[in-house]
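> If you're matching them up, the sequences are chains B and E in order. Counting from 1, one number per residue, gives the positions in the first sequence under the numbering used here. Counting from 1001, one number per residue, gives the positions in the second sequence under the numbering used here.
Hints are not guaranteed to be accurate.
To be verified - What follows is a set of in silico ranges between Cβ atoms, one per label pair, in the way DEER data are often shown:
#1 B:205 / E:1336: 32 to 42 Å
#2 B:238 / E:1278: 31 to 41 Å
#3 B:244 / E:1314: 18 to 28 Å
#4 B:69 / E:1273: 32 to 42 Å
#5 E:1320 / B:33: 27 to 37 Å
#6 E:1278 / B:232: 15 to 25 Å
#7 E:1196 / B:232: 17 to 27 Å
#8 E:1318 / B:114: 41 to 51 Å
#9 E:1278 / B:244: 30 to 40 Å
#10 B:71 / E:1314: 26 to 36 Å
#11 E:1202 / B:213: 57 to 67 Å
#12 E:1174 / B:69: 40 to 50 Å
#13 B:222 / E:1314: 38 to 48 Å
What the hints assert, rightly or not - Below, in silico cross-link-like pairs of lysine-lysine (BS3-like), each with a Cα-Cα straight-line distance of 30 Å or less:
#14 E:1140 / E:1076
#15 E:1176 / E:1137
#16 E:1313 / B:241
#17 B:253 / B:241
#18 E:1137 / E:1076
#19 B:241 / E:1322
To be clear, the hints were calculated from the coordinates, so they are not data collected in a lab. From a predicted model like this one, the values you see are computed outputs, not experimental measurements. In this text, a Cβ means the ideal position worked out from N, Cα and C, and glycines have one as well.
Here is what each chain is made of, one letter per residue.
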Amino acid sequence: MSLWRRAWFVCLMAGASVPLFGQIDFSGEWAPRFYEDQPERVPGPELGDYLGLPINAAARMRADTWDASLLTLPEWQCRPHGADYIWRGPSNLTITKEVDPVTREITAFHAVWLRSVDRPVYLDNRPHPPEYANHTWAGFTTAKWDGDMLTTYVTHLKEGYIRRNGVPRSDLATLTEHWIRHEDFLTVVTIVTDPVYLTEPFIRSTDYQLDLHQHVPPYPCDIVEEVDRPRGVVPNILPGKNTFLNEFAQRHKLPPEAARGGAETMYPEYQLKMQKP
Amino acid sequence: MKSKLLVFAMAVSLGMAQQSAPERRAERVQPAGEVHILHVRGPIYMLVGAGGNITVSVGQDGVLLVDTGLANMSDKVLAAVRQLQREVAANGVPNLHYGAESLSTARVILDTNAPPKPIRYIINTHVHADHTGGNEKLAKAGRTLTGGNVAGQLADASEGAAIIAQQAVLDRMSAKPATNQPAIPFDALPTETFHSDMKLSAFFNGEGVHIIHMPAAHTDGDSIVYFRGSDVISAGDVFVTTSYPFLDLERGGGINGEIDALNRILDLSIAEFRLEGGTMVIPGHGRLCDSADVAYYRDMVTIIRDRIQDMIKHDMTLEQVKAARPTLDYDPRYGSGERFIEAVYRSLSQAKK
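Start from the sequences and build out the full structure, keeping to the hints where you can.
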């Protein structure tokens, strides 16, 4: 074959299989792998553990005054994790793909966890909704291919949390993700940017493994009266009255100020600072 | 030459791949000073950008507005309403049910060339000018359907849309204005008032409309409007997403009434699935919401009330309370809490006396 013909053949093949690059398949059944995150993700974080979180004083105060009994209110009993935290939940994940029947392009992925809402990830170039549209737990996600990596951008999130001990994430936050597949392993990097409660982007990575025998079952949730309390009561701890905040630092022999978090505590240099007398 | 050709081929391939890849961020930029329309559910739409949010029901029975925005935005509001009327006339109403006067949905198919039905009702959620400023112009653009004795005895009974509000709204709008303030035009005043609650006498655009008074909340004349078929609540300023509640103590507002109002909205709301969707709530200002958003807001308002209540219990002065910064954790979201702290403090102190 002449060089010209080879060149045209490459061009034709590119056109016939548009898009040529970056079409790795994320669909399938994925089981979470916990590794070093197990203590935070399964039993849950300890009260007052803000270590390594780039939070500001406002986030710290909300977490300090957070009362876990809040979750017994009818309004919160069936709340799922938000799109940024759901990866960290201990539940299994199903990803399906939506294919345009004519062009056969992947127009969306859908991610569903045990206790989540459906989360569409649109690849069809649709615009994000206007700022006055409603927010959801899953938010509104668009995505593009960066080679084999899928990069998503999420807006319109409801308020959520970045750690399950009351550290908040606001509804003005946005989320960027990188979905990366290595054979049967899926790594998702989440980058939360929150102008309300974070001073720097908060980056985490989470791993899953393909599980061909998995099927995510239904998980209905019924709201019941868990606590008999007067109407209108919202459980909270008054500022300065939370007696449990120091337990985490004491138990792990950490300087109390380290447990209070802040961007500085994310970086390795902080360990050296802690070791100084 | 070979390498040039291969580079060319790869460039073409990359170009094609790029063409099929979506743009990353395409959020719509909203020009300032424009009125935007957001479809909520069924015949219910939300108009944003005219001051306070406006709720519109548009369909075979005509148009109902909850609030009218600022006076200087009336023309743009009216243009948005006309646009909705044209679209409904051409395309029909989503999820159309039987109406009060039109009765049959089948007629809509045949009547697409009919002129749009008029604005018939305006409901004011409270007295403030960013929610009532357009009353005069928008009411004049509408019409009240009358008959029998009313039509015979009141020559102007059918002129303009009816304006419905809680009695305190009329009392305050018709009161002698403060010095250097112009009086509110007569045609902008409510024409029908109620004290506790009111239901429209018949279905409007296929559903019951329930107007419920929320005493001593944002003001003393607040109402929410519940569209029972669409399952949409128009909340007025007892619920906003852009700031702390503005407790207008001079006009009868108060913190405990505000919390009661938020809890009442939650009482009426049922989420569709996992505390999302279902009853939709249009706030007085800000984005469209559902009950979870109201619950977050209720939590915030209640928690701050509890903190200030505790400080008052410990005999702290207003200045000491402000210095203690009881809203510090919510200020980055809702702005400076100083005015809210003062209003809560004064509201609770009044109640204590």
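> Please go over all the hints and tell whether each is borne out by the structure.
Outcome of the hint check:
1. Between residue 205 of chain B and residue 1336 of chain E the Cβ separation comes to about 37 Å, which falls inside the hinted range of 32 to 42 Å.
2. Roughly 33 Å separates the CB atoms of residue 238 of chain B and residue 1278 of chain E, a value that falls within the hinted 31 to 41 Å.
3. In this structure the supplied range 18 to 28 Å holds for residue 244 of chain B paired with residue 1314 of chain E, their Cβ-Cβ distance being about 22 Å.
4. For residue 69 of chain B and residue 1273 of chain E, the Cβ-Cβ distance of about 24 Å falls outside the hinted range of 32 to 42 Å, so the restraint is violated.
5. Between residue 1320 of chain E and residue 33 of chain B the beta carbons are some 52 Å apart, a value that contradicts the proposed interval 27 to 37 Å.
6. Restraint check, residue 1278 of chain E to residue 232 of chain B: a C-beta distance of roughly 21 Å satisfies the suggested window 15 to 25 Å.
7. Checking the proposed 17 to 27 Å range against residue 1196 of chain E and residue 232 of chain B shows it holds: the Cβ atoms sit about 20 Å from each other.
8. Residue 1318 of chain E and residue 114 of chain B have their C-beta atoms about 49 Å apart, which keeps the hinted 41 to 51 Å range intact.
9. Between residue 1278 of chain E and residue 244 of chain B the CB atoms are about 35 Å apart, so this pair conforms to the stated range of 30 to 40 Å.
10. Range check, residue 71 of chain B to residue 1314 of chain E: about 29 Å between beta-carbon atoms, so the 26 to 36 Å window is met.
11. For residue 1202 of chain E and residue 213 of chain B, the hinted distance range of 57 to 67 Å is satisfied, since their beta carbons lie about 59 Å from each other.
12. Separation of residue 1174 of chain E from residue 69 of chain B is about 48 Å and conforms to the stated range, judged on CB atoms against 40 to 50 Å.
13. In this structure, residue 222 of chain B and residue 1314 of chain E meet the distance hint of 38 to 48 Å, their C-beta atoms being roughly 41 Å apart.
14. Straight-line distance between C-alpha atoms of residue 1140 of chain E and residue 1076 of chain E comes to about 15 Å, which keeps the hinted pair within the 30 Å bound.
15. Distance hint between residue 1176 of chain E and residue 1137 of chain E is fulfilled; the C-alpha atoms sit about 22 Å from each other, no more than 30 Å.
16. For the hint pairing residue 1313 of chain E with residue 241 of chain B, the CA-to-CA distance comes to about 15 Å; that is within 30 Å, so the pair holds.
17. For the given pair, residue 253 of chain B sits about 22 Å from residue 241 of chain B by alpha-carbon distance, which is consistent with the 30 Å threshold.
18. A hinted pair counts as satisfied when its Cα atoms are at most 30 Å apart, and residue 1137 of chain E with residue 1076 of chain E qualifies at roughly 11 Å.
19. Restraint check: the Cα-Cα separation between residue 241 of chain B and residue 1322 of chain E comes to about 19 Å, which is no more than 30 Å; the hinted pair holds.
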